[in-house]
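> This is what each chain is made of:
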Amino acid sequence: EAEVAQSPRYKITEKSQAVAFWCDPISGHATLYWYRQILGQGPELLVQFQDESVVDDSQLPKDRFSAERLKGVDSTLKIQPAELGDSAMYLCASSPSPAGAYEQYFGPGTRLTVT
Amino acid sequence: SQKIEQNSEALNIQEGKTATLTCNYTNYSPAYLQWYRQDPGRGPVFLLLIRENEKEKRKERLKVTFDTTLKQSLFHITASQPADSATYLCALDNTDKLIFGTGTRLQVFP
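Order-wise, the sequence lines are chains C and L. In this text, residue positions in the first sequence follow the working numbering: the first is 1, and each later residue adds one. In this text, residue positions in the second sequence follow the working numbering: the first is 1, and each later residue adds one.
Think of the hints as simulated: they come from the structure by calculation, not from any bench. Heads up, some of the hints might be wrong.
[Stated by the list, open to error] Okay, the calculated bits of chain C under chain L, using three or more residues with CB under 8 Å as the criterion:
(1) 65-79
(2) 93-104
[Stated by the list, open to error] Cut-off 25 Å, straight-line C-alpha distance, at most; resulting in silico cross-link-like pairs (DMTMM-like, lysine to aspartate or glutamate):
(3) L:K3 with C:E1
(4) C:K78 with C:E1
(5) L:K57 with L:E15
(6) L:K59 with C:E3
(7) L:K97 with C:E44
(8) L:K97 with C:D24
Given the structure is predicted, the values throughout are model-derived calculations rather than measurements. Just so it is clear, CB atoms sit at the ideal spot from N, CA and C, and this is done for glycine as well.
Please construct the entire structure, taking both the sequences and the accompanying hints into account.
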C-alpha cells in the first residue's frame, strides 16, 4: 500500500540554526499539505500545495519558514532560524484533491526539538 | 469566533463497552466532517467521512453521526477493545482545507 514518506523522523537542533524537512507524497496526489502539531493539540495547517503552486500559506510564519514543491511531486519545508517555540511534530499529508470530500493520507511526521 | 471542541479529558472505558466521542463546532458550515485516529508519535489515519446531508455513517464497529442543526458529530466505537486506545481527531472542511479539533484520548482497559 502506498504511503507518504517523510524524513528525518527526528531532528534536534539548536536555536538560530536552519532545519529542513522532506516529504514524498503518494504518487498521483496533486494536493500536498504541511501541518504542525503541538503536543496535546490537533494538526494546524501551515501550507497547502496544488501541484507546484501554493494555494494557502496564511498560517505559515513567512519570516522564518519556507516551503517548496518544485516539480509538483516531493516537497521541502525549511525553518531558518529555528526558535524554541518551533519544537513540535511536523506532518506531511497528501490527497487526490483539495476538497473536503477526500481523505488525507499522513506521513509518520518529523519530531523537531529546538534547544 | 470559529471553534472546534472535543473533550480534552481522556475517556476511559471497559473493554466490550461502547465508546462515544463528541465533536462540537461553532461558526463553521462544513459540507464534510472527517474522523481520524492518531497513535502516539505517528501521523493521523483516516477512519470515516460523513457529508452534511447524511445523518449517519457506519464502518464495521464504527459509527458517525452528523447533526448540522446542533453543530455536532458523535463518533461511536462498539464492542471496544484495548487496541482501540488512541487519540481520535475530528476535522471539518472549510473552503477546501481541513480544520482539526484537539482530539480526545480514548483508553480501553481489559
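> Next, verify each hint and record whether it holds.
These are the hints, each one checked on the structure:
no.: 1; hint: 65-79; in the structure: violated (count 0)
no.: 2; hint: 93-104; in the structure: holds (count 7)
no.: 3; hint: L:K3 with C:E1; in the structure: violated (35 Å)
no.: 4; hint: C:K78 with C:E1; in the structure: violated (28 Å)
no.: 5; hint: L:K57 with L:E15; in the structure: holds (23 Å)
no.: 6; hint: L:K59 with C:E3; in the structure: holds (22 Å)
no.: 7; hint: L:K97 with C:E44; in the structure: holds (11 Å)
no.: 8; hint: L:K97 with C:D24; in the structure: holds (20 Å)
Going down the numbered hints, you'll see the structure goes against 1, 3 and 4, while the others check out.
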